[in-house]
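Novice: Work out the full structure, taking the sequences as your base and the hints as a guide.
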Amino acid sequence: MTILEMMERAGTTETSLSIAWIKDAIHLIQSNSKERLKVSKYDVINAVDSDDNRYLLPADMIALDSVSIKDTSDSKYKKIRRLTSQPGYMVEDTSP
Amino acid sequence: MSSYVDREWFYYLKGRNIHLYKLLGGSSSERITQSGVIKTLDRELMYPNEDIANGLRIEYTALNEPFVSEALETTTVVASGITISFNDDGDSASGYNDLYDTGDGLADFTTGDKIRVQGSASNDGDYTLTADAGGARYIQVGTGNFTDEAAGERVTITQIPAEDSSPDETSHPNLNRMLSLACVDYLKAQIADKRGDLQLKEYYMREFWKKVGDNESNKRKISMTYPANPYAVR
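Protein chains in written order, with our numbering: chain A, -12 to 83; chain B, -13 to 220.
Calculated directly from the structure, the hints in this document are not laboratory data.
Hints may contain errors.
To be verified - A few chain B positions that, by computed beta-carbon distances, are all more than 12 Å from chain A:
1) HIS5
2) THR69
3) THR88
4) ALA117
5) ASP134
6) ALA136
7) ARG140
8) SER166
9) LEU184
As the list claims (entries may be wrong) - Just a few of them, taken from the derived set where beta-carbon distance is under 7 Å, the chain A residues facing chain B:
10) MET(-7)
11) ALA(-3)
12) THR0
13) VAL26
14) TYR29
15) LYS63
16) ARG69
All C-beta atoms in this analysis are idealised placements derived from N, C-alpha and C, irrespective of residue type, glycine included.
Specialist: Here is the structure:
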């Protein structure tokens, strides 16, 4: 269905505004259902100080679906579990 | 080496960051030394202690490629077989990478189509066709994309929507027809909102969510059967 056809069905002639609203609608759809998924991969780094275990979530992310880590023993990505609270005490392995 | 990552790695979400942790007493480190001294508590965590190239994979929804140049329903071309080979700067035309099918199954692809290659040994990925001059025998993508690969693997080539980065009235939303109709309801809701008609806006937003819900439930068909009562009127 073209944007023109959608505009005609909705009874509007404002193209730019319609495109912006359609983007908003797609954003809402992506926020509530997993219509189209995207994948980002990052290198896991050997943590040598207290912020080396932090990775930025993708800037264009709307909703998180899953987080996986590569199991190097069989080169497969496996989903990992989410901690519901941040560990209070943790051993910082500075010389693994 | 990371192993048992599904049991020994964890993440924690904080603001716009994802924090990674792994079990200190996991399979990659010993909990108890040979002299019997306990090195770690049962659930003690530590920061990742190894480098893993492309080790963290995040799957998420995004506003990526919201508009496409062709309606989703018409991007249906698929070719599959063990007769497909890849040529880096092949002999059909200099400066192009070719995808050959001696089974002549590539007739329906046209210039500008975006394709996804799966099943090949070293050429899996998404490509845009720059020519289909060979008819059913070969299609071409820009130079530098393919590596030489002989036929033999079961390769599947699927047409996928090509993004329209500067959308206009002829573009299509990257959605199926049901969700496109939902977007029409969303447009009507916003137009009603602009006019100040909040009741109408609420009506169309309900219609929008109803269609989004229908689209989801269409993927999960559940049939229910009930045993018939012996005295039931049939």
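Novice: Confirm or reject each hint.
Specialist: Hints, one by one, checked against the model:
no.: 1; hint: HIS5; verdict: violated, 5 Å
no.: 2; hint: THR69; verdict: holds, 29 Å
no.: 3; hint: THR88; verdict: holds, 32 Å
no.: 4; hint: ALA117; verdict: holds, 27 Å
no.: 5; hint: ASP134; verdict: holds, 24 Å
no.: 6; hint: ALA136; verdict: holds, 24 Å
no.: 7; hint: ARG140; verdict: holds, 21 Å
no.: 8; hint: SER166; verdict: violated, 4 Å
no.: 9; hint: LEU184; verdict: holds, 17 Å
no.: 10; hint: MET(-7); verdict: holds, 5 Å
no.: 11; hint: ALA(-3); verdict: holds, 4 Å
no.: 12; hint: THR0; verdict: violated, 10 Å
no.: 13; hint: VAL26; verdict: holds, 5 Å
no.: 14; hint: TYR29; verdict: holds, 4 Å
no.: 15; hint: LYS63; verdict: violated, 9 Å
no.: 16; hint: ARG69; verdict: holds, 6 Å
Of the hints listed earlier, those the structure fails to meet are numbers 1, 8, 12 and 15, in rising order.
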